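2 protein chains.
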Amino acid sequence: MRNIKLIVAYDGTDFHGFQSQPNLRTVQSELQQAIERLTGESIQITGSGRTDAGVHAWGQVVNFHTSSRIPIDKWLIAMNSVLPQDLVIRGAEEASRDFHARFDATAKTYLYQIDPGLYPDVFRRRHVWHVPYRLEIDSMRKAAVWFTGEHDFTSFCNASTPVEDKVRQIHEIRVEEFGNVLKIWVHGNGFLWNMVRILVGTLVDVGRGRISSDEIPAILAAKDRTRAGVTAPARGLTLFEVLYPKNEL
Amino acid sequence: MRNIKLIVAYDGTDFHGFQSQPNLRTVQSELQQAIERLTGESIQITGSGRTDAGVHAWGQVVNFHTSSRIPIDKWLIAMNSVLPQDLVIRGAEEASRDFHARFDATAKTYLYQIDPGLYPDVFRRRHVWHVPYRLEIDSMRKAAVWFTGEHDFTSFCNASTPVEDKVRQIHEIRVEEFGNVLKIWVHGNGFLWNMVRILVGTLVDVGRGRISSDEIPAILAAKDRTRAGVTAPARGLTLFEVLYPKNEL
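Just so you know, the protein sequences line up as chains B and H, in that order.
Just so we're aligned, residue 1 is where the first sequence starts under the working numbering, counting upward by one.
Just so we're aligned, residue 1001 is where the second sequence starts under the working numbering, counting upward by one.
These are computed hints drawn from the structure, not numbers from a lab.
Treat the hints with care, since some could be wrong.
[To be verified] Heads up, simulated DSBU-like pairs for lysine-lysine below, C-alpha to C-alpha not over 35 Å straight-line:
(1) H:Lys1074 - H:Lys1166
(2) B:Lys142 - B:Lys183
(3) H:Lys1074 - B:Lys183
(4) H:Lys1223 - H:Lys1166
(5) H:Lys1183 - B:Lys74
(6) B:Lys142 - B:Lys74
(7) H:Lys1166 - H:Lys1142
(8) B:Lys183 - H:Lys1183
(9) H:Lys1183 - H:Lys1142
[Stated by the list, open to error] Non-contacting residues of chain B with respect to chain H, defined by C-beta distances greater than 10 Å in every case (computed):
(10) Thr66
(11) Arg102
(12) Asp104
(13) Thr148
(14) Tyr244
[To be verified] Beta-carbon label-pair distances, calculated as ranges:
(15) B:Glu177 - H:Asp1014: 28 to 38 Å
(16) H:Val1163 - B:Glu176: 44 to 54 Å
(17) H:Lys1142 - B:Glu177: 34 to 44 Å
(18) B:Pro22 - H:Asp1014: 23 to 33 Å
(19) B:Asp152 - H:Glu1172: 58 to 68 Å
(20) B:Arg102 - H:Asp1014: 27 to 37 Å
(21) H:Pro1084 - B:Leu118: 10 to 20 Å
Note that the structure is a prediction, hence the values are computed from the model and not measured.
The beta carbon of each residue, even a glycine, is placed where N, CA and C say it ideally should be.
Just chain B, with the same shape it has in the complex:
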């Protein structure tokens, strides 16, 4: 059996998230249907992780096992010819036999985009959070520094998060002004449910002056979701890149 790795981009607006659910349009089920159309095989794919309803991806990674003999350099065009327009394959590679898109991922980069304009940018509205307030970028950068390193992120994940161990490591948070958009890059070794969206919501509260950047250590220490800021909306969030050990790149 071959093991094929795909790099997948999607506009999450019209999907009920990544993971298959009965009778709902999801990224996983659209990908599986496309593979079935090409190969005749009914296959289960593995993603690097779920993304919630409305969240986008530029570099989601999936893998699946197949007996199909379609040459690897034909997969990209073939898949894109049967996929809907809001789901695009950006790369296809032959992976090693035991490559696993979820277990082998060592880090991920998320991009969160904020539109701080007086009126929403009509062409970007599906992919940004419109925040029509003056944001103190320097304060947001100061707050971001408190999040880097290894922390228990209990205060910064959905209160219903099922996992026990809520310690994660954030390698870097970068706050960039890019044209008329504020881009927040979050790079870390793993992420809890809603974690990026709550980090960003808290940074925006800092930027608006509703939370001081100096309060972040106490909010982290409290291990209490109610102490952090709002959950930023899904529409602004994009899974940008998933990293694997070198031999899997």
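Given the coordinates of chain B, assemble chain H onto it according to the supplied hints.
Chain H alone, transformed into the frame defined by chain B:
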């Protein structure tokens, strides 16, 4: 009566064009409904010109007469609070009593965006034409020069165009490589039905080597739509700006 001028942006994807049509969602009818919600007045607005189904705008201009006393600096926020998300007011001004968005327009700039990537950019797909071929930009620029100046554009408009006089003046066509997008700016004093889309379709045929740039004068002279290139799809076209004499700015 006041005369109010609005600068309007829209994502044309889900509109049946600008002009009101019974039982169809159009830009004009959505704007008129929003104005009626704010003022209680049933008003007819005037646009600088129609845009076809699927065509976008960044700087469409409309005007309308109203007895409403809403202060001019409140119109932008008020309109945007009742408009759907794919239609946004970018500016509102008190216009002179006899300002007319269509008759007073002296020039327009259209932007046509082409995505020449191997696979379509999922985040831009609603606003670009995906042309996955190598395009000879220099040839396209050479061809564009033939279009500038005053010409009879019979070969470059929809064969059903109702107007008699098909002479128009193109001030400039600029072909720009901008990141991963090819931007074609067309600036002129007036445009026939589908004119920009046929100019762009022809430029793409030149870029692909299917038409030589030297053939453009003969195609113009033929006054025959069948001699020009394809009509580029609506999705890539944006009415970028409408110009008025200085005293109306």
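Each hint, compared with the structure:
no.: 1; hint: H:Lys1074 - H:Lys1166; verdict: 41 Å, violated
no.: 2; hint: B:Lys142 - B:Lys183; verdict: 16 Å, holds
no.: 3; hint: H:Lys1074 - B:Lys183; verdict: 29 Å, holds
no.: 4; hint: H:Lys1223 - H:Lys1166; verdict: 10 Å, holds
no.: 5; hint: H:Lys1183 - B:Lys74; verdict: 29 Å, holds
no.: 6; hint: B:Lys142 - B:Lys74; verdict: 47 Å, violated
no.: 7; hint: H:Lys1166 - H:Lys1142; verdict: 23 Å, holds
no.: 8; hint: B:Lys183 - H:Lys1183; verdict: 23 Å, holds
no.: 9; hint: H:Lys1183 - H:Lys1142; verdict: 16 Å, holds
no.: 10; hint: Thr66; verdict: 20 Å, holds
no.: 11; hint: Arg102; verdict: 22 Å, holds
no.: 12; hint: Asp104; verdict: 24 Å, holds
no.: 13; hint: Thr148; verdict: 28 Å, holds
no.: 14; hint: Tyr244; verdict: 21 Å, holds
no.: 15; hint: B:Glu177 - H:Asp1014: 28 to 38 Å; verdict: 31 Å, holds
no.: 16; hint: H:Val1163 - B:Glu176: 44 to 54 Å; verdict: 48 Å, holds
no.: 17; hint: H:Lys1142 - B:Glu177: 34 to 44 Å; verdict: 38 Å, holds
no.: 18; hint: B:Pro22 - H:Asp1014: 23 to 33 Å; verdict: 28 Å, holds
no.: 19; hint: B:Asp152 - H:Glu1172: 58 to 68 Å; verdict: 59 Å, holds
no.: 20; hint: B:Arg102 - H:Asp1014: 27 to 37 Å; verdict: 36 Å, holds
no.: 21; hint: H:Pro1084 - B:Leu118: 10 to 20 Å; verdict: 18 Å, holds
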